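Asks: For reference, the chains in residue letters:
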Amino acid sequence: MSEFLAMGGYAWYVWMSYGAVALALIVETVIVRARRKRALDELRMMTPGSSPVGRMRGAR
Amino acid sequence: MLINWYRFSSPVSFYPLAGIGAHAFGILAALCAGAGLFVALYIAPTDATQGDAYRIIYVHVPTAWMAMFIYVVMAGWSALALGFNARLSAMMAQALAPTGALMAALALWTGAFWGRPTWGTYWAWDARMTSTLILLFLYLGVLALRNAIEDPRRADRACALLTLVGAVNVPIIYFSVQWWNTLHQGSSISFTVAPKMAATMVTGILIMTAAAWCYTIAVALARVQSIIVERERGATWLESLIDLRRNVVRRSPA
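Taken in order, these protein sequences are the chains called A and B. By the count of the numbering used here, the first sequence reaches residue 60 at its end, each step adding exactly one. By the count of the numbering used here, the second sequence reaches residue 254 at its end, each step adding exactly one.
In isolation and in its complexed conformation, chain A is listed as follows:
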């Protein structure tokens, strides 16, 4: 396991690359999902009584 993490002496370069990609993609996913949730929440608040949100299904 420690041999795997050492990456033949290139650990810094390999893990900085893979780590940055993983971090960036996870952060973007979280941001995109939060934005969609916020947009739908605001839409719900704007339209009391009516149900346009029902038509806007498909969001998770």
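The hints are simulated quantities; they were obtained by calculation from the structure and are not laboratory data. Values in this document were obtained by computation on a predicted structure and should not be read as measured data. Honestly, I wouldn't trust all of these hints.
As the list claims (entries may be wrong) - With the Cβ distance kept under 8 Å, some of the chain A side facing chain B (calculated, not the full set):
{"#": "1", "residue": "Met7"}
{"#": "2", "residue": "Gly8"}
{"#": "3", "residue": "Gly9"}
{"#": "4", "residue": "Tyr10"}
{"#": "5", "residue": "Tyr13"}
{"#": "6", "residue": "Val14"}
{"#": "7", "residue": "Met16"}
{"#": "8", "residue": "Ala20"}
{"#": "9", "residue": "Thr29"}
{"#": "10", "residue": "Val30"}
{"#": "11", "residue": "Val32"}
{"#": "12", "residue": "Arg36"}
{"#": "13", "residue": "Ala39"}
{"#": "14", "residue": "Arg44"}
To be verified - With beta-carbon atoms standing in for the labels, derived distance ranges:
{"#": "15", "chain 1": "A", "residue 1": "Met16", "chain 2": "B", "residue 2": "Tyr42", "range": "15 to 23 Å"}
{"#": "16", "chain 1": "A", "residue 1": "Asp41", "chain 2": "B", "residue 2": "Gly120", "range": "46 to 54 Å"}
{"#": "17", "chain 1": "A", "residue 1": "Ala24", "chain 2": "B", "residue 2": "Ala144", "range": "13 to 21 Å"}
{"#": "18", "chain 1": "B", "residue 1": "Pro16", "chain 2": "A", "residue 2": "Ala24", "range": "22 to 30 Å"}
{"#": "19", "chain 1": "A", "residue 1": "Asp41", "chain 2": "B", "residue 2": "Gly51", "range": "44 to 52 Å"}
{"#": "20", "chain 1": "A", "residue 1": "Leu5", "chain 2": "B", "residue 2": "Thr49", "range": "33 to 41 Å"}
{"#": "21", "chain 1": "A", "residue 1": "Trp12", "chain 2": "B", "residue 2": "Gly83", "range": "16 to 24 Å"}
{"#": "22", "chain 1": "B", "residue 1": "Ile20", "chain 2": "A", "residue 2": "Trp15", "range": "34 to 42 Å"}
{"#": "23", "chain 1": "B", "residue 1": "Pro45", "chain 2": "A", "residue 2": "Trp12", "range": "19 to 27 Å"}
{"#": "24", "chain 1": "B", "residue 1": "Asn181", "chain 2": "A", "residue 2": "Met45", "range": "38 to 46 Å"}
{"#": "25", "chain 1": "A", "residue 1": "Leu5", "chain 2": "B", "residue 2": "Ala24", "range": "28 to 36 Å"}
{"#": "26", "chain 1": "A", "residue 1": "Asp41", "chain 2": "B", "residue 2": "Leu17", "range": "15 to 23 Å"}
{"#": "27", "chain 1": "A", "residue 1": "Gly8", "chain 2": "B", "residue 2": "Arg233", "range": "20 to 28 Å"}
Said to hold, decoys possible - Computed far set for chain B versus chain A, every beta-carbon distance over 12 Å:
{"#": "28", "residue": "Leu37"}
{"#": "29", "residue": "Ile57"}
{"#": "30", "residue": "Thr63"}
{"#": "31", "residue": "Val73"}
{"#": "32", "residue": "Asn85"}
{"#": "33", "residue": "Met103"}
{"#": "34", "residue": "Thr118"}
{"#": "35", "residue": "Ala124"}
{"#": "36", "residue": "Leu140"}
{"#": "37", "residue": "Ile149"}
{"#": "38", "residue": "Arg154"}
{"#": "39", "residue": "Ile172"}
{"#": "40", "residue": "Leu183"}
For glycine and all other residues, C-beta sits at the position ideal for the given N, C-alpha and C.
Chain A is fixed; fit chain B onto it per the hints.
Replies: Frame of chain A; chain B shown alone:
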């Protein structure tokens, strides 16, 4: 079976479809990324000359390809948006820009961390690297332009125009390694040198690229859903107003 495709050019009818797509491609992206990482970090053997540093190729090449692909797709949507004054096309272009910027940044970042152990430098003003940096600036320019213009329809046209003008940079990036004497190597995938080794490498790169494609589609679809809700709010509100009025008319004795 006859499908009325024009129906989906309307944001409200596209919305649920985008939700299904975002979910499905999200799952596919996770599966491909899992399989790709397994090949990249476990199955693929250590390179004879570069050691394990070469493994950066499995994240560098897919992100660099995506940075270029996303720009081409964005330019395509922009052309449709300008040519047909299509609202949803402009929204798709808008939804792709942040992910394109991210991919360009990641391509530069992983390139730097691959360049240091192999070339001895994190950065050089090499043609490929400089043109990729310009690609990142183009993405950031499109994003900044969008934020600078209040009216979304005007922003659509301005961003589409900037995107199309900037498209000239994509072939420059692609052919930079042939046109100029660059520090950056030529085509990464070679079937002529060490074929057995290349086969595993190519497989790994292709699976990781599939993951990057699926990820980009999923994120862009989820983002376009937000954009539709944010921008069509007024229209939805208007629609429900009309519905209310209809009820009132129906109830009142004629």
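Asks: Give a verdict on every hint.
Replies: Going down the list of hints, with the structure as the test:
no.: 1; hint: Met7; result: holds, 4 Å
no.: 2; hint: Gly8; result: holds, 4 Å
no.: 3; hint: Gly9; result: holds, 7 Å
no.: 4; hint: Tyr10; result: holds, 4 Å
no.: 5; hint: Tyr13; result: holds, 5 Å
no.: 6; hint: Val14; result: holds, 5 Å
no.: 7; hint: Met16; result: holds, 5 Å
no.: 8; hint: Ala20; result: holds, 5 Å
no.: 9; hint: Thr29; result: holds, 7 Å
no.: 10; hint: Val30; result: violated, 11 Å
no.: 11; hint: Val32; result: holds, 5 Å
no.: 12; hint: Arg36; result: holds, 5 Å
no.: 13; hint: Ala39; result: holds, 4 Å
no.: 14; hint: Arg44; result: violated, 10 Å
no.: 15; hint: Met16/A x Tyr42/B: 15 to 23 Å; result: holds, 20 Å
no.: 16; hint: Asp41/A x Gly120/B: 46 to 54 Å; result: holds, 51 Å
no.: 17; hint: Ala24/A x Ala144/B: 13 to 21 Å; result: holds, 20 Å
no.: 18; hint: Pro16/B x Ala24/A: 22 to 30 Å; result: holds, 29 Å
no.: 19; hint: Asp41/A x Gly51/B: 44 to 52 Å; result: holds, 50 Å
no.: 20; hint: Leu5/A x Thr49/B: 33 to 41 Å; result: violated, 22 Å
no.: 21; hint: Trp12/A x Gly83/B: 16 to 24 Å; result: violated, 49 Å
no.: 22; hint: Ile20/B x Trp15/A: 34 to 42 Å; result: holds, 36 Å
no.: 23; hint: Pro45/B x Trp12/A: 19 to 27 Å; result: holds, 21 Å
no.: 24; hint: Asn181/B x Met45/A: 38 to 46 Å; result: violated, 60 Å
no.: 25; hint: Leu5/A x Ala24/B: 28 to 36 Å; result: holds, 34 Å
no.: 26; hint: Asp41/A x Leu17/B: 15 to 23 Å; result: holds, 22 Å
no.: 27; hint: Gly8/A x Arg233/B: 20 to 28 Å; result: violated, 54 Å
no.: 28; hint: Leu37; result: violated, 8 Å
no.: 29; hint: Ile57; result: violated, 10 Å
no.: 30; hint: Thr63; result: violated, 7 Å
no.: 31; hint: Val73; result: holds, 17 Å
no.: 32; hint: Asn85; result: holds, 24 Å
no.: 33; hint: Met103; result: violated, 9 Å
no.: 34; hint: Thr118; result: violated, 9 Å
no.: 35; hint: Ala124; result: holds, 16 Å
no.: 36; hint: Leu140; result: holds, 15 Å
no.: 37; hint: Ile149; result: holds, 20 Å
no.: 38; hint: Arg154; result: holds, 21 Å
no.: 39; hint: Ile172; result: holds, 25 Å
no.: 40; hint: Leu183; result: holds, 17 Å
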